[in-house]
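With our numbering applied, the sequence shown corresponds to residues 2 to 329, in that order.
Hints are not guaranteed to be accurate.
Taking lysine-lysine and the DSSO-like style, the derived pairs with C-alpha atoms no more than 27 Å apart in a straight line are [stated by the list, open to error]: (1) K77 <-> K299; (2) K284 <-> K129; (3) K135 <-> K77; (4) K92 <-> K77; (5) K44 <-> K196; (6) K44 <-> K319; (7) K135 <-> K118.
These aren't lab readings, by the way, just hints derived from the structure by calculation.
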Amino acid sequence: MLEYPIALEFTVSKDRLNTLKNSMNNECLESNKFAAFTDSGTKYFLQIFPNGDTDERRGETWVFLHLELGNEKKVKADYKLLIKLANWSSKVDYVFEKSTGYGASCCTTDELFDTNKKFIVDGKLTVKVKGILKTVETNNEMGFLQTKLKWIRNLCNLWNIGFEDFTIVTADGKELKVHKCVLAAQSPVFAAMFKPHTKEAKESKVEMPDFSFEIIEKSIKLCYNHDFDADTSIDEAFTLFKFAEKYDIQIIKGDLQDYLADKINVSNLCEIVQRAGDENAVKLRNKCMDSLSSFLSKKKFVPNMEVLDKTFLIAAIKNSSCHTCETL
């Protein structure tokens, strides 16, 4: 489950609020939109409905956190809405399964404009939201996973079943027997290698001097959809990623980046960021960005931040900071 911190302060003038004081059309004032989850397309913003968002809520002022879902299909939000000067706050737990807003009523419309209530001070209303967004797997994704697992079991059974038609010679001189059809299905590099006119196809053999037998065997087993070893070290995972990158095995690249993302903590984050950059692991680097933003928002100490790329670090600091915008 990936976490992303959100913090936004939205200031609106009394004059703008007054134009919607008697609105019967569910009109609202909206803040600017801000990204959540790096490169996911998900955005969040605040909405203020001075006279309610439905007929049933007419005469009430409502404040919403609105999420526009991008690649994330289900997001759990734990957040707090507050108007500090009026001593009002509301804690909200909500699961967004579509792009919508959800929030709470802070006061009646009359109370909003009552100077004694201190919602509007010096001609301005300031609303703040602070919280955490968390990605959630959907039922459809879980159902697809069950179907995929049945298919995976069948593919796993091909390993060492016999009928292998290709040999890989590793850096340490060992040989590994494999099925060309399995590798070709997973890798366009292997698919090209197996074309009839190539040396490898004619000899039914290829030498891989850059990787040990253990790394090649583990990588090939992943092509057969064998389970990933949960005890794999970060260093070995990056070596497996190098193999997958060289032979353009997208499914392994994606799985390894997810595996490494789950290993991120305050102690190893900077190492993983650096290596993700070196290996062009874009998905992993983005998840490192979200993790660093989350750690900073919780004021956790992250060692070795001085080695991080300046642009990367500044972006994470911005993500973890409270955004501000005004509608005056």
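- Query: Which numbered hints are broken by the structure, listed smallest first?
  - Reply: 2, 5 and 7
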